[in-house]
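Visitor: Sequence:
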Amino acid sequence: MSGDRAFTALGFLGLLAVVVGGVAFAIFGEVGTVVLVLLWGGLLALLLFFYVKFADIRALVARRSTRYGANMAFMIAVFVAIIGLIGTMSVRYKLRTDLTDNQRYSLSPQTVKVLKSLDRDVEAIAFYRSDERTRQAMVDLLQEYSYHSPKFSFWFIDPDKKPLEAAKYGVTAYRTTLLRSGGKQELVGFESEEKVSNALLRVIRDQVKVVYFITGHGENQLASKERTGYLAAKTAIEKENYEVRELLLASAPGIPEDATVVVVAGPKKDLLAEELEKLAAYVERGGSLFFLVDPSPTAELSGFLESYGFKLGNDIIVDKRGQMVGANYLSPVVMEYSKKHAIVKDFNVVTVFPVARSVTIKEDPTKGQHNLAQTGSSSWARSQGTLEEDNVKFDPEKDQRGPINLLSVRAVGGGAQSARSPTTETTNKLERWGRIVVAGDSDFAGNAHIKLMGNRDLFLNVINWLAEETAMISVRAKLPGITPLTMTDQQGRVVFWVSVIIAPSLALVLGVGVVARRRRQT
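Start counting the sequence shown at 139; every next residue gets the next number (this note's numbering).
Hints may be right or wrong, so weigh each one.
[Unchecked claim] Distance condition first, Cα-Cα at most 16 Å in a straight line; then the derived EDC-like pairs of lysine to aspartate or glutamate:
(1) K347 to E395
(2) K333 to E378
(3) K377 to E324
(4) K347 to E378
(5) K449 to E438
(6) K251 to E331
(7) K406 to E357
(8) K322 to D257
Everything labelled a hint here was simulated from the structure, so no lab data went into it. As the structure is a computational prediction, the values presented were derived from the model and not from experiment.
Model the full assembly from the supplied sequences, consistent with the hints where possible.
Guide: In structure tokens, the structure reads:
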């Protein structure tokens, strides 16, 4: 009996030795003397145990309870193997899905595009206390950055534990992140993708480009906080790492040499012939112009743009779908974009243009001529002066049925009177060619509407394309804050009646019915 116990103990010790040896090998990654002794000693002990106890083991296996136990053990082993396989594949093949409404836990397509185009190493050093409540949020954010580019690396420093190292980088505040690349560095406060991405752009760009806004004709003002003001647009452009300046064109000798993009936003008065000549000279030498022209009589400007092939309609676009976004029928909704041009090739966000006119150009890819944004087929364009408040029905004698285009682009070589045009080979590389974009509305980028739907992204995509920053053309990070629910009057009434009247009344009727039935049964 004592011999049986000894061999049983030997088998147990052999199994224990094999397990310990295997775990040691998994941890240290090498087979040392101790590991070899454990593995071989345990294996020999197990073989001796099975040899001596073979008859008992065979009898045990023959039992019904043993077979049931073996089946259960097999099922458990299969389950564990499946879980392990899933875990291994999840580490090797990462599949992520962000189910939040505004993709809060994913980087914006623009940030991803910038990261994938990195051609230099970027370091991010985050200064957080180990017990900082917001530290994990920054860890998650920087991990997303490094996931999309091997050239982006980061690490954390606790200023309390390593004060000398924090002082070496000149950082004295908590919750601060330092981005470095090529001798340039930028500090970021708090855990914001927008702030980190803006700092990233500043450290990888070799120079700050300048965007000029023309003044002197009643244009939308950059400093204005009014509904039609461009303060929000100015801030958005600056966050893309541009410098924004105003230019009084009438008194300037010409467009400054450092101008990357020149914007004419909503002029109320016509431009002078001398001013248009300055713009023509600028675009002929390879400059970029962005015109946002509202439905107003500007004969000289319209003629100037027509000389480049743009046709500005003397009309107003009507679209009853504007009520879908809480606007009116004079706010056309755009859902269709050209897939042939970089500005809107991957753009799939709804945009809204309050009080807009039609803008078209003859499609010609060899000249870089494209119509970019069209309203739906239910919209129409009506000549100005014929639209009445109480009559917004389509009139086939007066109106042009949609789709109606209101954003067009052209690449220019040699000025308005030149026959030179970019060839097919040069349309993708337009460094020597001027660029013109014309929109039939300026209010879509005003303070009241730039944050609506995809207006901000479309406006900035145009600026970036004109500035030849194609890596910046995309959909940006969502703005923080509450996402409003906009409904029409009819939708509001439906919600009120269903939630306030019908649902409570139905619950009350069912409750009374149940009580009455129980009383009858008793």
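Visitor: Hint by hint, note whether the structure agrees.
Guide: Verification of the hints:
Using a Cα cut-off of 16 Å, the hinted pair K347 and E395 holds, with the two alpha carbons roughly 11 Å apart. Taking the CA atoms of K333 and E378, the gap is about 10 Å. The hint holds against a cut of 16 Å. Note on K377 and E324: the hinted pairing holds, with a Cα-Cα distance of about 14 Å set against a maximum of 16 Å. With a CA separation close to 10 Å, the supplied pair K347 and E378 stays within the 16 Å bound.
A distance of roughly 13 Å separates the Cα atoms of K449 and E438; the hinted pair therefore holds under the 16 Å criterion. Of the supplied pair hints, the one linking K251 and E331 holds, its CA atoms being roughly 14 Å apart against a limit of 16 Å. At roughly 6 Å between alpha-carbon atoms, K406 and E357 fall within 16 Å of each other, so this suggested pair holds. With a C-alpha separation of about 15 Å, the suggested pair K322 and D257 falls inside the 16 Å cut-off, and the hint holds.
In this structure, none of the earlier numbered hints is contradicted; all agree with it.
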